[in-house]
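**Q** Assemble the dimeric complex from its two separately framed chains, guided by the hints.
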Amino acid sequence: MKNKLILIFVIFLAFFLRFYKLGEYPAPNADEAALGYNAYSLLQTGKDEHGNSWPIHFESFGDYKPGLYVYLLLPLVKYFGLNEWTIRIPGALLGVLTVWLVYKLVNILFKRRSYSLFTFHYSLGEISAFMLAISPWHIHFSRGGWEVNVATFFLVLGVYLFLAGLDKTIFLYLSSLVFSLSLYTYHAARVVAPFLVLGLLIIYRDIIKKNIKKFIIAGIVGLVILLPLVKDLKKPEIMSRAAGVGLFADVGPLNRTNEQRGEHSNYSSFLAKVLHNKIINYGLTFLENYADHFHGEFLFLSGDNIERNKVPETGQMYIFDLAFLIIGITYFLKSKIKNQKSKYVVILWLLVAPIPSALTFQSPHALRSQNMVIPLVIISSFGLAAVLDLLKNKLINKYFRALCYAILSVIIFWQFLRYEHMYWVHMAKEYPYSSQYGLKELVGYIEEVKGRYQKIIVTDRYDQPYILFLFYLKYPPNKFQHEHFISPRDTYGFSTVTSFANFEFKKIIWDEDRINYPGCLIVGTDQEIPDETNIVKEIYGSNGYKYFQIVAN
Amino acid sequence: MKNIFSYKKFLIIIILVASFLRFWKLGSVPNHLTPDEASLGYNAYSILKTGKDEYGKFLPIIFKSFGDYKPGLYVYTSIIPIAIFGLTEFAIRLPSALAGVIGVFLVYLIIKKFIEVGFFFLDDGSLKQNKIDVRFNYQLFSLVVSFLLAINPWHLHFSRGAWEANLSLTLILAGIYCFLCSLRREGYLIVSSIFFALSLLSYQGAKLSTFVVLLILLLLFFKRILKFKLKILLSSFLIGILISLPLFLSLFGKTGRLQVFSLFSAPRTLEYKQEILDQGNETLNSLSYYLYHSEALNFIRGILGRWFNHFSARFLFFEGDWQNERHSAPNMGQFLVADIVLFALGFFYLIISRGRFKYFVFLWLGLSPLPAILSRDQVHGVRALNMLVPLVFISSLGLTSLFGLYQQKGILQKLILEIFTFVYLGNFVYYLDAYYLHLPIHDAQYWYYGYREAVKEVQPYRVENRKIIFQQSFSQPYIFFLFYEKYDPLLYQKIAHLDPIGNDVGLVNSMDNIEFRSLSWPFGNLEKGAIFVADNIAAPGDLIGKNFKIIREIYYPNNLDVAFRVMEVIDEK
Numbered sequence: 010m011k012n013k014l015i016l017i018f019v020i021f022l023a024f025f026l027r028f029y030k031l032g033e034y035p036a037p038n039a040d041e042a043a044l045g046y047n048a049y050s051l052l053q054t055g056k057d058e059h060g061n062s063w064p065i066h067f068e069s070f071g072d073y074k075p076g077l078y079v080y081l082l083l084p085l086v087k088y089f090g091l092n093e094w095t096i097r098i099p100g101a102l103l104g105v106l107t108v109w110l111v112y113k114l115v116n117i118l119f120k121r122r123s124y125s126l127f128t129f130h131y132s133l134g135e136i137s138a139f140m141l142a143i144s145p146w147h148i149h150f151s152r153g154g155w156e157v158n159v160a161t162f163f164l165v166l167g168v169y170l171f172l173a174g175l176d177k178t179i180f181l182y183l184s185s186l187v188f189s190l191s192l193y194t195y196h197a198a199r200v201v202a203p204f205l206v207l208g209l210l211i212i213y214r215d216i217i218k219k220n221i222k223k224f225i226i227a228g229i230v231g232l233v234i235l236l237p238l239v240k241d242l243k244k245p246e247i248m249s250r251a252a253g254v255g256l257f258a259d260v261g262p263l264n265r266t267n268e269q270r271g272e273h274s275n276y277s278s279f280l281a282k283v284l285h286n287k288i289i290n291y292g293l294t295f296l297e298n299y300a301d302h303f304h305g306e307f308l309f310l311s312g313d314n315i316e317r318n319k320v321p322e323t324g325q326m327y328i329f330d331l332a333f334l335i336i337g338i339t340y341f342l343k344s345k346i347k348n349q350k351s352k353y354v355v356i357l358w359l360l361v362a363p364i365p366s367a368l369t370f371q372s373p374h375a376l377r378s379q380n381m382v383i384p385l386v387i388i389s390s391f392g393l394a395a396v397l398d399l400l401k402n403k404l405i406n407k408y409f410r411a412l413c414y415a416i417l418s419v420i421i422f423w424q425f426l427r428y429e430h431m432y433w434v435h436m437a438k439e440y441p442y443s444s445q446y447g448l449k450e451l452v453g454y455i456e457e458v459k460g461r462y463q464k465i466i467v468t469d470r471y472d473q474p475y476i477l478f479l480f481y482l483k484y485p486p487n488k489f490q491h492e493h494f495i496s497p498r499d500t501y502g503f504s505t506v507t508s509f510a511n512f513e514f515k516k517i518i519w520d521e522d523r524i525n526y527p528g529c530l531i532v533g534t535d536q537e538i539p540d541e542t543n544i545v546k547e548i549y550g551s552n553g554y555k556y557f558q559i560v561a562n
Numbered sequence: 020m021k022n023i024f025s026y027k028k029f030l031i032i033i034i035l036v037a038s039f040l041r042f043w044k045l046g047s048v049p050n051h052l053t054p055d056e057a058s059l060g061y062n063a064y065s066i067l068k069t070g071k072d073e074y075g076k077f078l079p080i081i082f083k084s085f086g087d088y089k090p091g092l093y094v095y096t097s098i099i100p101i102a103i104f105g106l107t108e109f110a111i112r113l114p115s116a117l118a119g120v121i122g123v124f125l126v127y128l129i130i131k132k133f134i135e136v137g138f139f140f141l142d143d144g145s146l147k148q149n150k151i152d153v154r155f156n157y158q159l160f161s162l163v164v165s166f167l168l169a170i171n172p173w174h175l176h177f178s179r180g181a182w183e184a185n186l187s188l189t190l191i192l193a194g195i196y197c198f199l200c201s202l203r204r205e206g207y208l209i210v211s212s213i214f215f216a217l218s219l220l221s222y223q224g225a226k227l228s229t230f231v232v233l234l235i236l237l238l239l240f241f242k243r244i245l246k247f248k249l250k251i252l253l254s255s256f257l258i259g260i261l262i263s264l265p266l267f268l269s270l271f272g273k274t275g276r277l278q279v280f281s282l283f284s285a286p287r288t289l290e291y292k293q294e295i296l297d298q299g300n301e302t303l304n305s306l307s308y309y310l311y312h313s314e315a316l317n318f319i320r321g322i323l324g325r326w327f328n329h330f331s332a333r334f335l336f337f338e339g340d341w342q343n344e345r346h347s348a349p350n351m352g353q354f355l356v357a358d359i360v361l362f363a364l365g366f367f368y369l370i371i372s373r374g375r376f377k378y379f380v381f382l383w384l385g386l387s388p389l390p391a392i393l394s395r396d397q398v399h400g401v402r403a404l405n406m407l408v409p410l411v412f413i414s415s416l417g418l419t420s421l422f423g424l425y426q427q428k429g430i431l432q433k434l435i436l437e438i439f440t441f442v443y444l445g446n447f448v449y450y451l452d453a454y455y456l457h458l459p460i461h462d463a464q465y466w467y468y469g470y471r472e473a474v475k476e477v478q479p480y481r482v483e484n485r486k487i488i489f490q491q492s493f494s495q496p497y498i499f500f501l502f503y504e505k506y507d508p509l510l511y512q513k514i515a516h517l518d519p520i521g522n523d524v525g526l527v528n529s530m531d532n533i534e535f536r537s538l539s540w541p542f543g544n545l546e547k548g549a550i551f552v553a554d555n556i557a558a559p560g561d562l563i564g565k566n567f568k569i570i571r572e573i574y575y576p577n578n579l580d581v582a583f584r585v586m587e588v589i590d591e592k
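Residue numbers (the working numbering), protein chains in the order written: chain A, 10 to 562; chain B, 20 to 592.
Here chain B stands alone, though its shape is the one from the complex (with noise of 0.2 Å):
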């Protein structure tokens, strides 16, 4: 009993030291919302002071941003807590921060539920039966999941801002665990529908990454799925239908993103296909042209290296996803380096492990960037979110048996295990470092930074009514505009105009007094009395000359370099 009651304490820390980690200084690291985090608030107070959304639309659950159309389920999610603390950064960052620590409890579940139908062992099912391999401790094993999963930096940035992918995970691990409890009580399949079909409307990812998970349960527990009673496995099936049916529903007619994105619908063109086939006097659709350079295995070679990105040191362990600095910490990968160490051990265990974990892990990591190397990047930490969890299982794994191995005595094991540990505690202090204080300043262009300075700076000329000229740009500054001065949804739903450009995202160009305008130097005709905000690129302070007055230099947080500059023509051309 007593050894119960200590395992349930561990946990009980696990998840405060989760919550400390996702919830410290939550509104202010990062230290700027991205429009996208802008748009999902600004859509949820929206809702929750009208009904409607930005355009107006009643509910709606798909819903429409920049252009795409995206699943809004975690609109819905943060309705309460902007209603609680207002339309702020921490409110609309908090219900990723809780599906994350709900995330680190559902892994333990989880893994207590594979111990319970004996994922562990052979194929028969219960724990009685099975000589339970004493230098494993799975009591412990699911204690270290939830740990490792709960100091993880990949979840850990993910959780920390308003990431859809992140509820998604949550939802899709709940419903894998309702999925096993369903093994023992077949009512809980209903439940599981719903979470899967929820994950569906959280994310747009999710569509694929939620395949995933259910064809895996469904190869793994194939027999015992068809012993379910028909009438819940058809409620289950048909309620699932029914929560995804608007998603579904939306993929016809509208152009999705997944068309835009998607790798198959950029092929090598003629010329360059010509140029190779030339080296060799070779014609387009010959036998060498189908054996060696056709477009299928061109394909195939493109979405074996962005499968092989994903699994890279580079990715995992050293630079993070390195086409997008916010997918990571600077300078970090989206493990820890030390953690090397444990993915080793974890593998050896788990590939000389019995039993069908093996197989759910496996088929698990090696299918869940799935989302991502179809898509036209090369590496996405975001499309990619899922594999955090089969490697926790597996670094996890690792430290359960570097336990094991720590309980036998052995002088040299111990000491080489206090390095170990010594190692990746500094490894996660150097994290906490660079999440805490490199990020804000390192990446603080990529977090958008200046915007809420800028809006906060043309305040006055807002209500003066002043003409205003913001600089252009896909950052959607508009959506900045309608978060910090908390506009009244029921005025904006009125004014609401998109332009569209291509089949991709959109821009507003105007808004009041505000007009939207790409901007370079020098800005062209000049109206005395007229206020300009543009970056440094558009606006260099060297050139800035007598026609303007620079009212305010908005700095990076590196006080070194201009985000914003504001300026207020005294002169006119």
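If we strip away everything but chain A, and leave its shape as in the complex, we get (with noise of 0.2 Å):
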């Protein structure tokens, strides 16, 4: 039991990390809102909120998001009710059980070594869950309902299931099982888990090849269950989604192709062509997209450009972790490890994580690689095992050890604390349009005096509202599937629901819409709605910051 302390810890650790005021912060986005209706309409009507029936991609916004997640919702909100909390359980409770599963991966990849210090016994796999339990990335993604935090899950069980099934034949097939759920989960899964695999298959070939039968049939298990997802995307609009934020997308290295052989003197000469064309220019923009993986700034310092994946001045990682992953590399690489091939794996799992937003134009990109943090917490904990090893073994001067520890602890306590501070004093105020902050509070106030106004015409500058709409009046998905409107969508791929019931979702151009709409509730944001007019209510979000000032025409 008491060799289990440190689990124990580091898995409670997870779990308050995860779970505290889950429900409430930071305030739930479109999409997560999106997740959770659809898993409503279907536990009601048996079609989701566009009216088509058990889908493996929701329509959504015209996104068709891979549909497992709210698949895993269904029987939470039977029991639960729709509500922000039920949303996000799927999201936080694999993600405390993935810290759980790094300790088991690692245990079975770097064979249970024990340390010890003081009187407690710990091996690196408890180290690797207390850095994955604390970690900035992977906290960021269990707290809502990411669905990638759930794709992440299933490649580290698909992993450590193909580990143990070397061993037992069993779990060989359940871990084919998994990488093949881990498809329907999250896009980017769906170009990690294939390399992922053909990595393992590789590295492990010899093993393979004297159980090739079992092999086979578990590769039959996993392709029967992927033969609904390959059906399913064949269908176009599917594709276009992916087309719309894919590489290709962005006209910028075609046109430096242009320009670069416009600046040969003959456009279409030899040269010209063979140095300057599509596949080299996309190629180096792929290859500068991947690297940015790499970037300390990205990594340690600044992370994500997109502030929905960020908290300030807070890196992907501690910067602490900077200094464990050069020692861990120097040991990874140094060290004689009796198996070798486990090396590979966590090597291979770094290199492929970043290929699927390397494939689309915003790089790096924190939400579609998030499932690096696995190889990097593995390689960061070898650092800090190391060092603790070096303290400990190296230093005889006891008082000197001592405090050597206390500097350590000290560092790494003062970073934690510090991203936690950013996380819950600052990130909803420094970035305040990053989720739909407001919209609560928004639906909250137009209940309760709907029924005075015709028709309530609502701002469409946030995301997109309708969806938070009937998230939180709980409206009934049969009513909602045959009275709705769906714009075209876009350039990106998205379209957006502009009315239902006595609702409207447009940009509010004051002057036309206050001659348009007698009578009707007009909500909007600061600068659409003139001070001077009859405000009935201002709406503030749960950071304070006003988001809606709401006349009545």
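Source of the hints: derived by calculation from the structure; they are not laboratory data. Treat the hints with care, as some may be off.
[What the hints assert, rightly or not] Mimicking DSS-like on lysine-lysine, the simulated pairs with C-alpha atoms at most 30 Å apart in a straight line are:
1) Lys240/A <-> Lys222/A
2) Lys246/B <-> Lys403/A
3) Lys377/B <-> Lys343/A
4) Lys282/A <-> Lys433/B
Please read these numbers as outputs of a predicted model, since none were measured by experiment.
**A** Okay, structure coming up:
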């Protein structure tokens, strides 16, 4: 029992960091609400919000979300109802389980070597689990209905089962099943999982050769499970979304090709064509995107560029991880671990993880490359373990050793505190538009007064307001499926619902709308509604920021 | 014997390649001088003719240049080329190109010395007592290092132009080489000290970069240095101090650029801090301020961020110095993209290698961006130039180990290597294309293209003593007049006058019949017959009305955009 104390503590810590005030902070965003409402809709009607029955991809905002998360939500929404809490449980819970799984994974990769500190015994597995438990990258996407976190869980589980399956065949079949399921969860997993599996097969090829039959059966299991997905992916509307964010949607490299050829005296000379073409320029862009994921600014200082994916002044990892990663890599390459192949697994994962986000034009992208956190945390743990080992064995003077332990813990604790401080105190205020703050308050008010107005006009300034209305109103899905109107898809492949029931969502142009909508309630932003109008209510978000002004026209 | 002979042959070929890549079209690519280059050139010309710089100071060591003061060894190195070739682009760029070639040779010597002093092995020092790792051919390694430096885009770029940093780098390399020699023959320590001191006199940023190298040598050879004869230690120390004394004296009193450009001179504003603190109802100087938002933490983040930038793939392989187009070829990094493979291999071999070479490389690599990261620029290709040597060491380690692999049999390995060689050569051709073909067109405006033509164009009016109004800018147009007119230094020294602006650069506002004036359309009172020279922004082609006659439009090499318009006032307002 005593040997398990550290692990229990780590799991408890992971649980606390992921579940504390999970329903309240940050405010749910449109994607989370969509997942929740679609689960609600399925439960009530057997169809999604747009009336498709039991889909594999949910049409939602025209982005055709991979659907596994919604199916995970079904029992939760059924028993706990539709609220902010429930829609986040799968992400947070699987986040905690990932922490536990990483412990298992690392111990199966690097045969449980026991270290001891004072009277505690620990292994690399516990350190990795601890590092993941406090990892900003992992916590961020565990606290919310992020499909990517589920995908990462499946990937870790898949790799773990594969390794366990080398000894026990049943795990191999399960591994195949899990890898296939990961493809139902999130787009990025569709690139990572195949590469990961391929790499694993190459790394363990000698074992596979001996058990070729079992592996073929496992492969068939996986492929059978993939069949419905493959069938669904043939639909053009699903692929068009992928093309919308893909590398080729960025015309920069194409324009550069033309510019470069233009600088040659002969536009279509052999040299100009060989050196400056689409393959080279898009290839270079892909490589640069890929390499961006290893930039220190992204990893340790500022994180993603997208506000929703980041905490102010915080990297995807802690600054101290830089030191641990350097030491870890050195030990990783130098130390004579019996199982060389285990090293390759970690390196393979690290190299594969950024591929999907490098294939899109926003890069680096913390969300799409989230599973990178697993190999990074493992290597970083090697570093921390090496440092602890060094302190224990090389430092004779026990006072000096105690001082070193103290400094190390203070640095880790301080960095962790700073992250939590930035997360809880500053994030919502620094990035007021990163999530749908103010919508809950708005819907709460509108529910009170909606009977008094024939129509309610709401600004579409902030993302997809309609879905949060549905979500907070728990609007009956069978009614919604028949009465809503969807806009055509924009250049990025997104569409939105412009009206349902007596709600209409549009850009507020005050001078026109005050004439067009007499007797209506108009909800606009600060900028859209002039001050001297009949403002009946101002809506503030939970972060104290003013989002809406409401006018009774 | 035969083996050694063939290595020498290869070295000669490498030096020839290095020279060709550095001297070919040196005067015409890049296709214009920067103001700094012109200033170095004219000062050398001035000293050659009169023994005084442009401000009439006799043989200065610290030169006054556009308002700041910089160490001027480069000026002295270019006196002889200018005496031979005249005041031309080629002559002023020659010292740096030559320094580049010498640098290529020096890294070869340095690696040889490293092998000799047992840097690649365990601590004791002689070759005999160690079993050489057969797969790793050290002789080959020293050749590979000089080869990869010879064709390195970053080194080529700064060898082709009057870049003081490149001269300084070569002097540092010479210093390192002589230091390593001194381990066997102590007298070399004095020579080494002279080289290091000279490197200080050639470049502003060298204060830190030379210090970094000295520190590393001191750390790695501490025990050995203690064993030096005291006489030699003292005399080399004193000689070093003596040579660099003028530089240290100049640090006091005059405002150096260091102060203006330092990262530390730009703390966050109080309002900005207050805004952040208000988010959490925190107050200035409270505990939570010191824990989470302190200025020190902000500086650390700033410094670390800049350090990361210099190690980012964006800088090294894809875009180069993204803050200054002049520091790399268009659409190119400081290295070739294909070098990534060599770096990955090299890092691997370096980490698992034994001996002190590893520490030397990693320490130098980690500390060499120091002059760049303490300045305000996010990334800086010149100040971080020294990085390229440890980086080339690492990629060379990768390439040498690839050769080792090639000697082993295996069709797949051979095929992979052949493909890689093909890709690498292709990548190098891509670089040559980017540098020789695209840079002069794509980056012409960043290379100040147009001043040479403009100076030529107004020559007749200079002779006529007509009133000329030339657009003023921080490109320092006056220096191009001095350079391209080969203005008599004796005459100029009498009229030299720089108007300071703030505490940074200054401007020259008039010279004989030229007035340098900030221009924006419309120009204001016009005097009939006056000549105006302005760029396309100050004098947009479609606005020039009947008041002006356009004498000539000077086009950029893309033949699309106008660099300068030379106009004559034909009608007074």
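**Q** Are any of the numbered hints broken by this structure? If so, which, sorted upward?
**A** none
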